[in-house]
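Student: Let's have the full structure, built from the sequences with the hints guiding it.
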Amino acid sequence: MKERMNSRHDLDQLLNAEAQQGVAKLVRDLKDEEPDMAWRAALSSKIMEQSVAVQRRRKFNFFLKPASGLALASCLALVVVVSTQRPQTVPSNPAPAVASASIEKLIIDEHQNVAYATDVSGVGLAQPEANYERAPRVADDPILVDFFQL
Amino acid sequence: MTCRWLPIPLSIAIVSAAVAQGSDAQRAADLIRAYINNQSKTRFHGEREVTFSGSKGSQSHVEVIRKDGVRVRVDFPAGSPFEGQIIVENGKERRHYLPARNEIRIQPVRSDRFVQRLKRLIQSSDVSRLTVTDGGEVAGMPTQMVEFRGQREPGFKLWIEPKSKLIVKRQIYGPNQEIIGGYTFRTLNFKPSFDGIDFGLSVPGAKTTRPSDELARAASKLGLPALQLDRSTKFTLEFVRTPERKEAKVIIQGYFRADDVQVTLFILGQDVNPEMLKRFAKGPVKTYAWKVNGVQCVLTGEVGEEELQRLSTQVKA
Numbered sequence: 001m002k003e004r005m006n007s008r009h010d011l012d013q014l015l016n017a018e019a020q021q022g023v024a025k026l027v028r029d030l031k032d033e034e035p036d037m038a039w040r041a042a043l044s045s046k047i048m049e050q051s052v053a054v055q056r057r058r059k060f061n062f063f064l065k066p067a068s069g070l071a072l073a074s075c076l077a078l079v080v081v082v083s084t085q086r087p088q089t090v091p092s093n094p095a096p097a098v099a100s101a102s103i104e105k106l107i108i109d110e111h112q113n114v115a116y117a118t119d120v121s122g123v124g125l126a127q128p129e130a131n132y133e134r135a136p137r138v139a140d141d142p143i144l145v146d147f148f149q150l
Numbered sequence: 001m002t003c004r005w006l007p008i009p010l011s012i013a014i015v016s017a018a019v020a021q022g023s024d025a026q027r028a029a030d031l032i033r034a035y036i037n038n039q040s041k042t043r044f045h046g047e048r049e050v051t052f053s054g055s056k057g058s059q060s061h062v063e064v065i066r067k068d069g070v071r072v073r074v075d076f077p078a079g080s081p082f083e084g085q086i087i088v089e090n091g092k093e094r095r096h097y098l099p100a101r102n103e104i105r106i107q108p109v110r111s112d113r114f115v116q117r118l119k120r121l122i123q124s125s126d127v128s129r130l131t132v133t134d135g136g137e138v139a140g141m142p143t144q145m146v147e148f149r150g151q152r153e154p155g156f157k158l159w160i161e162p163k164s165k166l167i168v169k170r171q172i173y174g175p176n177q178e179i180i181g182g183y184t185f186r187t188l189n190f191k192p193s194f195d196g197i198d199f200g201l202s203v204p205g206a207k208t209t210r211p212s213d214e215l216a217r218a219a220s221k222l223g224l225p226a227l228q229l230d231r232s233t234k235f236t237l238e239f240v241r242t243p244e245r246k247e248a249k250v251i252i253q254g255y256f257r258a259d260d261v262q263v264t265l266f267i268l269g270q271d272v273n274p275e276m277l278k279r280f281a282k283g284p285v286k287t288y289a290w291k292v293n294g295v296q297c298v299l300t301g302e303v304g305e306e307e308l309q310r311l312s313t314q315v316k317a
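Chains as they are written, first to last, in this note's numbering: chain A, 1 to 150; chain B, 1 to 317.
Treat the hints with caution; some may be incorrect.
Stated by the list, open to error - Derived DSS-like pairs: lysine-lysine, alpha-carbon spacing no greater than 25 Å straight-line:
(1) B:Lys278 / B:Lys291
(2) B:Lys207 / B:Lys191
(3) B:Lys249 / A:Lys105
(4) B:Lys165 / B:Lys119
(5) B:Lys249 / B:Lys221
(6) B:Lys316 / B:Lys234
(7) A:Lys25 / A:Lys46
(8) B:Lys234 / B:Lys191
(9) B:Lys41 / A:Lys105
(10) B:Lys41 / B:Lys165
(11) B:Lys278 / A:Lys105
(12) B:Lys291 / B:Lys234
(13) B:Lys41 / B:Lys119
(14) B:Lys56 / A:Lys105
(15) B:Lys207 / A:Lys105
(16) B:Lys234 / B:Lys41
(17) B:Lys221 / B:Lys316
(18) B:Lys286 / A:Lys105
If you're looking for bench data, these hints aren't it; they were derived computationally from the structure.
Tutor: This is how it looks when you write it as structure tokens:
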């Protein structure tokens with residue numbers, strides 16, 4: 001008990017020492033800084049603003065992501081569908097406004113008829129032969145018939 | 001929240017459809033391949049209706065076909081405008097008998113030139129444009145219908161009988177996707193007897209002619225020079241025709257090369273407008289017009305214009 005009393009006394013002595021008093025004064029002289037209310041309010045409003053922006057962005061993404069996904073899928077679907085559709089072939093050289101039976105047109109038609117004719121009939125009678133070799137005409141003249149009967 | 005995941009199944013569905021289409025094209029190509037490989041082996045006796053369509057309507061005729069491997073004989077039934085005519089092919093040459101003239105016209109083997117086109121198709125990227133569906137019954141047999149929707153060249157529909165691999169019905173489309181013709185078998189017998197059938201076609205007393213003879217005859221009749229494409233070009237003259245037209249004298253010559261490239265040579269008794277020719281030529285068809293000793297000549301074909309120009313130097317009397 002006596003020992004404890006002695007140690008407290010030593011402690012008081014130490015606290016009352018000049019150096020300790022100097023530090024105590026320094027601490028007492030420190031300004032007690034209260035947080036500025038205006039700063040707090042500004043901080044709160046900034047936090048609020050940011051949370052609203054985040055919410056807005058989330059809402060936007062909620063619609064944007066599926067929409068862009070759908071758009072991409074639609075594009076893919078379009079590519080698949082279009083690539084399988086029968087092309088609407090547009091003549092590379094539209095027929096000029098001249099007499100449809102011009103010799104130039106008949107030359108081109110004849111060439112194409114020959115190409116297609118064998119595709120159609122294979123080993124059988126081809127279209128030009130069918131036009132040229134009909135019995136009644138053969139009797140008249142074997143190789144002279146109307147130009148492009150079809 | 002559900003719609004956020006919607007693109008995933010949708011994309012899977014699209015990808016699956018694309019994959020399915022790919023396998024569909026593969027199945028169609030396999031059917032065509034089987035037809036090509038079976039070509040020289042098939043034996044049958046059948047009757048088919050052939051139709052050619054044009055701007056002035058359609059015309060049909062019936063052919064009776066007997067096929068024994070590479071040997072083929074085509075007859076025309078009684079009442080047909082071609083009654084009495086006979087066509088045979090034996091793998092080496094084609095013979096066409098014309099009774100009205102008592103003439104046998106000898107031509108290069110035509111076989112089935114369409115097979116060449118099919119071969120090219122299944123080796124090209126266009127193979128992905130093939131589809132296959134159930135074709136229903138043709139000549140009493142179930143079929144698979146293979147369709148090609150051409151982009152650069154005309155399309156077609158083929159009805160293939162899966163067991164025999166034979167094309168029992170065919171429809172060919174033109175450059176503007178209009179039907180230009182086709183055939184449909186009405187009857188087919190895959191176990192025929194060919195006893196007594198002449199695949200050689202020898203008619204006593206009939207004269208034989210070749211395309212070069214026809215060219216000489218046509219040139220003489222029209223007073224035009226018998227100009228033709230030199231053999232060194234590897235193009236073979238397959239036919240000669242002389243259409244009757246009051247305002248135009250013209251000899252038409254059809255040439256084919258072994259790889260199925262076709263060019264047509266026109267010898268004309270009048271001038272043509274080369275620019276107009278180019279305007280009418282559609283798609284891959286090219287033209288080249290020039291004169292030989294004042295005679296107007298035109299070459300057309302699905303080869304480059306430079307190639308036509310080169311070939312024109314090989315057109316000689």
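Student: Does each hint fit the structure? Answer for all of them.
Tutor: Taking the hints in turn, this is what the structure says about them:
1. B:Lys278 / B:Lys291: holds, 17 Å
2. B:Lys207 / B:Lys191: This hinted pair is violated, its Cα atoms lying about 35 Å apart.
3. B:Lys249 / A:Lys105: holds, 15 Å
4. B:Lys165 / B:Lys119: holds, 15 Å
5. B:Lys249 / B:Lys221: holds, 10 Å
6. B:Lys316 / B:Lys234: holds, 14 Å
7. A:Lys25 / A:Lys46: It is violated: about 40 Å lies between the C-alpha atoms, which goes past 25 Å.
8. B:Lys234 / B:Lys191: Not OK: B:Lys234 and B:Lys191 at ~39 Å, beyond 25 Å, violated.
9. B:Lys41 / A:Lys105: With a Cα-Cα distance of about 41 Å, the restraint between B:Lys41 and A:Lys105 is violated, given a limit of 25 Å.
10. B:Lys41 / B:Lys165: holds, 11 Å
11. B:Lys278 / A:Lys105: holds, 10 Å
12. B:Lys291 / B:Lys234: Holds. B:Lys291 to B:Lys234 sits at ~22 Å (cutoff 25 Å).
13. B:Lys41 / B:Lys119: holds, 17 Å
14. B:Lys56 / A:Lys105: Answer holds: B:Lys56 to A:Lys105 is near 16 Å, not above 25 Å.
15. B:Lys207 / A:Lys105: The hint is violated at about 36 Å.
16. B:Lys234 / B:Lys41: With a Cα-Cα distance of about 28 Å, the restraint between B:Lys234 and B:Lys41 is violated, given a limit of 25 Å.
17. B:Lys221 / B:Lys316: holds, 19 Å
18. B:Lys286 / A:Lys105: Between B:Lys286 and A:Lys105 the Cα gap is close to 13 Å, so the pair holds against 25 Å.
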